[in-house]
Each structure stands twice: as structure tokens, then as C-alpha cells.
Amino acid sequence: MFIRNIWYIAGWAKDIGTTPIARRICNEPIVLFRTPKGQVGALIDRCCHRGVPLSLGTVIEAGIECGYHGLVMDCSGTCVHIPGQKNIPASTKIRSYPVVEKDELIWIWMGDPKLADPSQILDYPVHNDYKNWPHKHGFYRIKGNYQLLVDNLMDLTHLGYVHKTTIGGDPNTHVSAQMETRETSRGVKVIRHMPNCLPPPTYRKGVPFAGHVDRWQEFEFVPPATVLQWSGAADAGKGALTDENQRDGGFSIRVFHGVTPETESTCLYFWSTANGYRQDDPQATEDLYNDVSTAFREDQVMIEAQQKMLEETGEADLVSIIHDRGRIQMRRIVDRLIEHENLQESAAASA
Amino acid sequence: MFIRNIWYIAGWAKDIGTTPIARRICNEPIVLFRTPKGQVGALIDRCCHRGVPLSLGTVIEAGIECGYHGLVMDCSGTCVHIPGQKNIPASTKIRSYPVVEKDELIWIWMGDPKLADPSQILDYPVHNDYKNWPHKHGFYRIKGNYQLLVDNLMDLTHLGYVHKTTIGGDPNTHVSAQMETRETSRGVKVIRHMPNCLPPPTYRKGVPFAGHVDRWQEFEFVPPATVLQWSGAADAGKGALTDENQRDGGFSIRVFHGVTPETESTCLYFWSTANGYRQDDPQATEDLYNDVSTAFREDQVMIEAQQKMLEETGEADLVSIIHDRGRIQMRRIVDRLIEHENLQESAAASA
Amino acid sequence: MFIRNIWYIAGWAKDIGTTPIARRICNEPIVLFRTPKGQVGALIDRCCHRGVPLSLGTVIEAGIECGYHGLVMDCSGTCVHIPGQKNIPASTKIRSYPVVEKDELIWIWMGDPKLADPSQILDYPVHNDYKNWPHKHGFYRIKGNYQLLVDNLMDLTHLGYVHKTTIGGDPNTHVSAQMETRETSRGVKVIRHMPNCLPPPTYRKGVPFAGHVDRWQEFEFVPPATVLQWSGAADAGKGALTDENQRDGGFSIRVFHGVTPETESTCLYFWSTANGYRQDDPQATEDLYNDVSTAFREDQVMIEAQQKMLEETGEADLVSIIHDRGRIQMRRIVDRLIEHENLQESAAASA
Ligand code: FES
Ligand code: FES
Ligand code: FES
Chain A
1 MFIRNIWYIA GWAKDIGTTP IARRICNEPI VLFRTPKGQV GALIDRCCHR
51 GVPLSLGTVI EAGIECGYHG LVMDCSGTCV HIPGQKNIPA STKIRSYPVV
101 EKDELIWIWM GDPKLADPSQ ILDYPVHNDY KNWPHKHGFY RIKGNYQLLV
151 DNLMDLTHLG YVHKTTIGGD PNTHVSAQME TRETSRGVKV IRHMPNCLPP
201 PTYRKGVPFA GHVDRWQEFE FVPPATVLQW SGAADAGKGA LTDENQRDGG
251 FSIRVFHGVT PETESTCLYF WSTANGYRQD DPQATEDLYN DVSTAFREDQ
301 VMIEAQQKML EETGEADLVS IIHDRGRIQM RRIVDRLIEH ENLQESAAAS
351 A
Chain B
1 MFIRNIWYIA GWAKDIGTTP IARRICNEPI VLFRTPKGQV GALIDRCCHR
51 GVPLSLGTVI EAGIECGYHG LVMDCSGTCV HIPGQKNIPA STKIRSYPVV
101 EKDELIWIWM GDPKLADPSQ ILDYPVHNDY KNWPHKHGFY RIKGNYQLLV
151 DNLMDLTHLG YVHKTTIGGD PNTHVSAQME TRETSRGVKV IRHMPNCLPP
201 PTYRKGVPFA GHVDRWQEFE FVPPATVLQW SGAADAGKGA LTDENQRDGG
251 FSIRVFHGVT PETESTCLYF WSTANGYRQD DPQATEDLYN DVSTAFREDQ
301 VMIEAQQKML EETGEADLVS IIHDRGRIQM RRIVDRLIEH ENLQESAAAS
351 A
Chain C
1 MFIRNIWYIA GWAKDIGTTP IARRICNEPI VLFRTPKGQV GALIDRCCHR
51 GVPLSLGTVI EAGIECGYHG LVMDCSGTCV HIPGQKNIPA STKIRSYPVV
101 EKDELIWIWM GDPKLADPSQ ILDYPVHNDY KNWPHKHGFY RIKGNYQLLV
151 DNLMDLTHLG YVHKTTIGGD PNTHVSAQME TRETSRGVKV IRHMPNCLPP
201 PTYRKGVPFA GHVDRWQEFE FVPPATVLQW SGAADAGKGA LTDENQRDGG
251 FSIRVFHGVT PETESTCLYF WSTANGYRQD DPQATEDLYN DVSTAFREDQ
301 VMIEAQQKML EETGEADLVS IIHDRGRIQM RRIVDRLIEH ENLQESAAAS
351 A
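Residue numbers (this note's numbering), protein chains in the order written: chain A, 1 to 351; chain B, 1 to 351; chain C, 1 to 351.
Because the hints were derived from the structure by calculation, they are not lab data.
These numbers come from a predicted model, not from an experiment.
Treat the hints with care, since some could be wrong.
One copy or any two copies: either way a pair holds, since identical chains are not told apart in the list.
Stated by the list, open to error - Below are the BS3-like pairs computed for lysine-lysine, each with C-alpha atoms no more than 27 Å apart in a straight line: (1) K143 to K308; (2) K93 to K164; (3) K308 to K238; (4) K189 to K86; (5) K86 to K164; (6) K308 to K93; (7) K102 to K136; (8) K308 to K37; (9) K164 to K143; (10) K308 to K102.
Build out the structure end to end from the sequences listed, making use of the hints.
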């Protein structure tokens, strides 16, 4: 069960070109492509003629040409050419999906096209700001339900266990820090502030702090499945924890986590890492990207094993712990959106 | 749902020897072998004793010896030896299938053995005529329903798209040519005649034509799933298009396409290519074979992707086009044969 | 359907250390480990928190620490630590399985823990006697129901067919020898005695026999799925066949076959080979082990093909032969035990 009337991430904008790409989203087979003139198309990946995936075809000026017998579909899913035949029946029309290119991402609308409102897509200015936030993109396919991955992102205790030998470090730091879970206008934010502490080695390596620092770790969940992460530290006492404008000049990274359900048991993970502390050092941007790449592969191992186990045994008797607060609130928001959609559909059906 | 009372191709005769071969036909597991004296056996590939596939056994004089405990079955499926035991119970008898070796092929009857009439097997004299039609055999396993492959063979528009860079060439040639679809006594024939045109490069390379030619492409479907192809060209005006006897001396190739359902979603593809224009040049025979081998792999990619998509989404809303005429007629013939068989069975049941 | 209230083999004792091992037994996912102090734990391989397999975690002094968020379970399945939380709810308790280490094996009880009685575990002193029975261990995973493997072990005719080119030799030897099938207190024994015959080459190579020998091959089945094999020969006329104490000094090997159901269609095969004829020659121990390793791979091929075929076609119409006697008796014992368990359960339910 997926939320339908919402924007999902279909891909990194730079990956969608004139070579068609097959991608399954919310369990629907979709072909993504960009015409020579730059228009992005997202169609059901199934030719109206004999059902062959259009992603095996060729992008031409007019749209995408099926690789089997040459029918051409434009970006709206309208058939504009049938070889050897003038008359094009209306039944050749196939489903197209609204798409929007924004902040280096292609967003796709899986629900009722009449409700697709691009202004609802979240803003992520970091992706347009290579000067202050030099960044790199990643894309993983994870064999686990998308919510298991969001669970992972909304929980910080796992850092000390899953990433013990990479970015995690000592489990106790992560477990004992004070944590706040705060509803936002659209989602939920998990915040961990560590005032007046000593900066960890990697932070010191990045920025020559004089003494103690105020550290923050903020994870904001935005439905259906995006998490915006901001971690860093600034000289203690500047007020960086309460006033975001006081964070400049310290250590600061932003990680974008965008998760898209592929099937009920797999998901697509689009992420980026932005270096906000040594912007003129490409090696720092690269190192950050590499560290995170490795860490996310460690998460993948856990999530894929968890997926298999839950498929076999269900979730009914699992036990929640205190650190699950952010995760539980995230799930509630998604459940509420699905319920809302079901109610709307019932109302529409009985109208 | 397969036609049962009909001859299917089980294999190339030269491939069936004293090493048993496991092959699934119409979703039944079958072992094929040839005794030292030359008799071909086709038995259900399951020992009556403990169910081990007989294809793991050894062919001996008397038949096939199971590889587990040594029971021996002869070509009629009768158990003729049980190690350590004199008495052979009648319940050891297993199913055998009528087989006929003809024109380099082993044909198998999957239905009621009483109805198996070898005279119904189609003739393909090309396979016995290495002088006028030097030829080579191919065998592919395709992960698609056998009818998707026959669809492919009954349609010529795909040549210009699927085989763009190999044997196909310009799509327009294939799309714009006049086409005729004609019922034959047993099946249907798709014919394309191109009178008085310039011979394409490969034709000219094969035969030193003086000027214009009359070209033909003929595909005859014979149920359940054989397509006999004859393509070529002769000097224009000789009457080659209307009189087959006037085709000698030109460019001419014959391709045999024999498809056997393996399961509902896979099939076995037995094909041969015969060189009818440079019979004394083994390299021409080889080149033709290689070109076709490559092209059929391109078809395979399409068909296997199509199979997956149709398994997921069905065929109900697909749209037929003008070039589907041959395909549709082919399907109608097969449907009629299945319906006929069902009626016979109902009649037999109520008698 | 498996017998539950019985001891199964979970693993070789030497393989269970501080690196946790995931192993499926009677279709239940289990994690096996040994604490630094030496206690062996067998728990359901599923963390009570979010369902991640505990086998991805780390063994510590107190038990096993989940690799995802660090919960710790002790060997009894009790949660003894939740990071960031003092209160440990009772619902965190997970299933633990009684285990016993005996004769180099870890035995596990899959049924009602109250009924687990270690005295019911069979004795295999050979595993503790490296002086008289130097031996080596093997472990294969077989893609076949565990009873198909036990079938194989209870039948000696297969030797001459499956192992024709390895340990089997001439089929007739195996088929024509006199065979006795005898019930024992707990199972069934298949015995083959060949008095006053010439020793085969491998026997002669091992022991310089003066002349004729008395040969024995004894296979004792002990439920649920262990077979204890003793094969050998002694100088003829010493009475070795009737009196086990007269077997010393001849050729003698013992093979332990312990089979554990993994799923309905796969099993775990724990076996050992013991050299009882050239105890001071490590190469003889090695050679015996290697010969048997190869032979068991041949059995595996048969059993895995048989499993697939029986999954498709069932067993209903299979025909038993005279040499199936031991196999049939073995199956009857297992069926009786399952029936007995079902009756007990019904009685308990209606009490
Ligand atoms: S399947 Fe696409 S054009 Fe025929
Ligand atoms: S299974 Fe074929 S002889 Fe036993
Ligand atoms: S899943 Fe084991 S501690 Fe969270």
C-alpha cells in the first residue's frame, strides 16, 4: 500500500537522457527518457501494440519509438506514428505520469494527474548551490521495503552498531545524547544537540576549532520518504544550536536521503552529500562522499536481512524501544496520509 | 493450454545419441536417447522406482538404465530389469511417446498414441538436400511463450527495428512493401513480392545480377508452430514471383523455424539456414548461418522482455495494427485446433 | 511435517564459536554461537526489536548483541540490555532451544523444552577416540528432503550405480549379497555379511590379509535421521560376523551419517569417516575421507534431481522393490513417531 497522490523521486536529473531507462516505482513499470529538445517523459513501460517494454526502444524527436515494430509514443503517452498505417486508434493511448525537474531531481506523480501540484515538491536549495555546498550524488537499489530504510534514517542509535568501524564510532555517544522529536508543518524532525563538548577528530581535521563546540544533528522527515540531514558543530557559546544563522564557519555537512518505493519489498535510494566546511577543497567533498557510500552499504546489509526476516515472520510481536520515537512518528504520518487517501476515494466512489 | 494431438519437434536427429538428454515439452519432463542399435526412445523422465530422472542414467542395449538403482526401461517404457529381483510388476510401466525421425528432425507426439500418424508430419526436403541447399542447424531456448516467437516470425515489420543494425536495414522497405496473407491447406502464408526493384547489397554480393530483380519473401505457417521461410530474388521479368520454377539461378535462401512449447512461458527454437545461391561456397553457408544466429538473439531479447511484461499485465488491452494480419490468422488456426480437441474430449467423455 | 520432540544435530561442536552462525533447522531460523566462557546458545535468529537476524550481531560476554541497535540477548533468550533504556519489558524474551554438546556434535531440541532429556541422545564413542578411530568431519547442504538422503543410506544397491567409478565397483556384488533387515531397540539395522570371500583390492591395500575373509556391512538407522555405518573384513573363520569383538586387526571403517531437516526440501548432512585399520597412518585417514567426500557428492546429484522431480510429480505411483526393505522400515518408524506426537498433542489439547 503506497500513498499515490504525492511526489516521488524518479531519478537524478543528470541520469535521464536520450537513452531510455526502465524504473519500477510503486510497483508500476515506467520508462523515463528525455527528448533531444530536453522534455522529460515518464510513461508506462509497455507498448500498446504487443506489450514490449518501451525502454528497449529508441528516443527520437517525437518521443520514444518502440524497439519491436516502431510505434512512436510522445511524452503525453499519445501514439503519434504506426508504421504502415495512417489511422491511429484512440485505444493506443498509454498512461503518462506528470514529472517535474527540480533541484537536480526528477519528481514523478503516481496518483491522479489532476491533483499534481508542483508547488508541493520540497525545496532543496543545496542541490543548486555548488559554491557553498559542493556535493555529489548516489543511487542505491535496496532489497527492502522503503519504510525500513526511512526507519533506519530516523534512528541514530544504529550509528554506533552498524557503523562501528566507519562513521559511527563509540555507541555510547549516540545512545546517551539528549534527543528531541518535534513535529514540523509537514513531517517530523529528530534533533540532537550537544552543547559545549569537545569536537571529534574528523571535525577537528576539517576545521581548526579553538576549543569547545556546540554540536547538532538534525534529521527532518518529509513525506512520503525524504529525510534532510544537517550535522555539524560551531564554536561553543555562539548560539549555533538555537539560531541556524550562527552555524557558518564551523563544521557542517548536509545529506539528502530520498527514498522511493520500487516494489513492496524493494526501494530506490537517492542520496547526496554536501560539504559545508571546506568548500574549496574537492578532496573533502570526495572523502565525505566515499565515507557515506561505505556506511550506506552497511545499512543495506541490515535492511535486506531485516526485510527477509519480516517477510517470513511478520512484525506483530516486535517490541519498540525509547529510541524508536522518531521512527514511530514518521510511520504515523505516512499511515495518516494513506488513510486520508482511502477516505477520499471512498467519498468519490459514493458521490 | 497446448494442442496435444499433433507432432512437435523434440530435437535435431544428430543431437539424440547414446547420451540421454532431458527435455521438457508441453510442460512434460521427457528423456530422449538412442540405443546402440539406433532406436530413438522418448520416455517420461521419471523412474518408476523412486522418481529419479532417467536422463541421469546410462543407455544400454536394452534401453535406459536408471542411474540410482539400476532399473532398466526399454523404448516402450516397459521395465525389463530390476536388480536383485526376478518378478517385474506391471506398475513399473512408464509413459513412452511416439517418435519419428524425419528430415533431420526427431518429431514427438504428445497426445493420444492411437492417433499418432507419421504421414501428418510436414515434409522439408531441404534438410535432405545438401547439394542444392547446403545448410546448418541452430537450437535456442527462449524464455517466452512459443506463440510470441511465432508472432515474431509471422510479422515482417520488426525486421527494420529489431534488426536495424544486422539483417534488417531500412525500416521503410519492410513497412511499405505490398503484403498478402493467404490461407493454405494446413496453415497460412504471408507473402511479400517486390517486382522490378534494385537488388540490395547482400544479394548483389551473392549473385552478379545484370539489372533489376523480382524479389520475394514468403513465410508459411504450419501448425502447431513451424514457419517455412523462402526469401530471394531473380532477374526481373522471368516470372519468378508467380512461378516457383523460375527462381533458380537467382539469390535464394530457406530458413526453417520450428518452435516447441517447453513450458507455458518458455519454448525451444529449432532453426536451420540453407544457402540456395552459392551452393559450392561453404563460407556463404557459414556466413548466412552466422548472420541469422545474431539476428535471432536480437529477437530473443524482445520476446523475453515481452513475456515478462505480459505475465505481469496481460494482453487484454493491447491494440492490433494492420501488419498483424498474418499473426492473427496464425493464432486463429491454433485456437481452432485447441477448441476442436476440447470438443473431441468432451464427446469422448460423454460417450 | 517434522518430529519435534527429538534431538537433532545442529552442527559440529568445533564449528560453533564466537562468530555467530545462521542455520535453519526444521524450517526455523536459528542463530548458534558460543560465549567467550564456552556456553553454547541457540536462539531464534530474530531480534525482538526490529526483527533483524541476530546472526549479523556480535557475541559478547553476556550473550549476543544485535548488530542493528545493540540489544543484548543471553543464551536463554532473555534480553539483558537495551541501549539508552533501563526498563526491559518481558515481551523482549525470545525463543531459545535446549542444546547439548556430546561426541563432537551440538545437538538441539526443537520441541517442548520440558521434554528435552539429554540421556536420549545417541552415543557415538568413535568421535572421542582418536587413538583407535582417527577420523575427520564433513558437512554438506543438500537440496533434498532429509528423508531422501536417509533413503539413500538405507539402501546398498545404489553403490554399484551411483558410485560405479568411485567407491562402488561392480553392481552385482552389491545386488546379489545376502541382506538382513533387523529391528533394533530404537531403529532398524540393515546387515550384509559375506563369509569366506576374497578381500577387494582396497581392503588388501589396507591390511595384508593371508587369505579369505569374512566381510560385513552394517547400517543402523536411529531416528530421526542418523545412520551409523560399520564396514570391514577379518580373517575368515574367526567369527567376526557374529561376534563384534573378533573384528579387531582386520579392515574396518566407521562412517557417521547425521541428517537434519533444514526445510521441507533441503537438509543438512553431517558426516564423519573413521579409520579403524591403519590408525597410525594419517594418510589412510585422509584418503578415506577424500573418497567418501567424492562419493557423497555423487549421491547429492541424484537426491537433488529426485527432490525436484518429486516436488513436481509426487510419489503416489512409485513402485517399491525388494531392496527397499530397510528404507521402508525406516520410514515406518519415523511415521510412527510423528503419529505418536500428533496423538499426544490432541490429548493435551482436549485435556
Ligand atoms: S510491441 Fe511495440 S510496436 Fe509492436
Ligand atoms: S530411482 Fe530409478 S532405480 Fe531407483
Ligand atoms: S533490530 Fe535488534 S536491536 Fe534493533
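Hint by hint, here is what the structure shows:
no.	hint	verdict
1	K143 to K308	both (9 Å within a copy, 20 Å between copies)
2	K93 to K164	between (53 Å within a copy, 26 Å between copies)
3	K308 to K238	neither (47 Å within a copy, 60 Å between copies)
4	K189 to K86	between (57 Å within a copy, 25 Å between copies)
5	K86 to K164	between (65 Å within a copy, 23 Å between copies)
6	K308 to K93	between (39 Å within a copy, 21 Å between copies)
7	K102 to K136	within (16 Å within a copy, 56 Å between copies)
8	K308 to K37	neither (44 Å within a copy, 32 Å between copies)
9	K164 to K143	within (23 Å within a copy, 36 Å between copies)
10	K308 to K102	neither (35 Å within a copy, 33 Å between copies)
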